[in-house]
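Chain by chain, the residues run as shown.
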Amino acid sequence: AQSVTQLGSHVSVSEGALVLLRCNYSSSVPPYLFWYVQYPNQGLQLLLKYTTGATLVKGINGFEAEFKKSETSFHLTKPSAHMSDAAEYFCAVRSNTGNQFYFGTGTSLTVIP
Amino acid sequence: EPEVTQTPSHQVTQMGQEVILRCVPISNHLYFYWYRQILGQKVEFLVSFYNNEISEKSEIFDDQFSVERPDGSNFTLKIRSTKLEDSAMYFCASSDQLGGEQYFGPGTRLTVT
Chain H
235 AQSVTQLGSH VSVSEGALVL LRCNYSSSVP PYLFWYVQYP NQGLQLLLKY TTGATLVKGI
295 NGFEAEFKKS ETSFHLTKPS AHMSDAAEYF CAVRSNTGNQ FYFGTGTSLT VIP
Chain S
26 EPEVTQTPSH QVTQMGQEVI LRCVPISNHL YFYWYRQILG QKVEFLVSFY NNEISEKSEI
86 FDDQFSVERP DGSNFTLKIR STKLEDSAMY FCASSDQLGG EQYFGPGTRL TVT
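Listed in order, the protein sequences are those of chains H and S. Per the numbering used here, the first sequence starts with residue 235, numbered consecutively. Per the numbering used here, the second sequence starts with residue 26, numbered consecutively.
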């Protein structure tokens with residue numbers, strides 16, 4: 235079975251500081267991993283995804299994530315936080331069948347000016 | 026850019042009433058999904074739908090729930106007799122291939138009183 239765990243339900247960073255949002259996964263097969271972002275009153279928007287190949291994945295808005303099999307992690311980073319990055323971030327892993335995603339509980343990112 | 030839309034954005038209903046949540050997936054997508062998020066909890070998979078039938082459903086998706094694609098554009102979730110614990114944000118999603126990126130709508134907030 236697949237699952238993801240997001241450490242830290244709330245993260246605060248100063249504008250311009252590094253953003254690090256943690257995600258660990260559990261999967262019985264090679265995982266397909268995703269990060270989604272949710273801005274207030276909006277749907278979930280894909281930031282980036284890992285399927286196969288290069289373990290460092292670049293996404294939109296300057297975010298990237300690295301798949302580390304040995305650590306079963308897929309942490310999301312951004313070198314310099316911007317005020318517009320304030321949102322809820324969800325890590326997800328695809329099921330074996332491909333029919334569903336398993337989501338983490340989400341991390342709310344606050345950017346302090 | 027194509028997007029998934031959902032109506033209404035907020036639905037308030039009394040316990041025991043039937044509700045229908047509506048979604049318009051992206052037009053060339055073939056796979057459709059419903060998820061829900063109870064306040065403060067994970068985004069949970071409810072059901073996936075392909076070729077006019079359910080392809081997978083979770084244990085949450087009991088006999089009180091049903092899905093339908095009544096025409097070429099809409100995808101609906103019906104709850105026959107709502108319970109207080111059905112209060113949640115309901116997200117519709119669609120994808121163009123099995124296991125591919127899922128595009129999410131903005132959600133419908135269902136409040137059962």
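To be clear, the hints were calculated from the coordinates, so they are not data collected in a lab. Cβ atoms here follow ideal geometry from the backbone N, Cα and C, with glycine treated the same way. Any given hint might turn out to be false.
[Said to hold, decoys possible] Cβ pair distances, simulated, as ranges: (1) Thr344/H / Leu109/S: 25 to 33 Å; (2) Ser342/H / Leu109/S: 23 to 31 Å; (3) Ser260/H / Leu109/S: 26 to 34 Å; (4) Glu110/S / Thr239/H: 19 to 27 Å.
For each hint, the structure was consulted:
Separated by about 31 Å at the C-beta atoms, threonine 344/H and leucine 109/S satisfy the suggested range of 25 to 33 Å. Checked against the hint of 23 to 31 Å, the pair serine 342/H and leucine 109/S passes, with Cβ atoms roughly 26 Å apart. Look at serine 260/H against leucine 109/S: about 32 Å separates their beta carbons, and that is inside 26 to 34 Å. With their beta carbons about 24 Å apart, glutamate 110/S and threonine 239/H fall inside the hinted range of 19 to 27 Å.
Violated hints: none; the structure is consistent with every hint.
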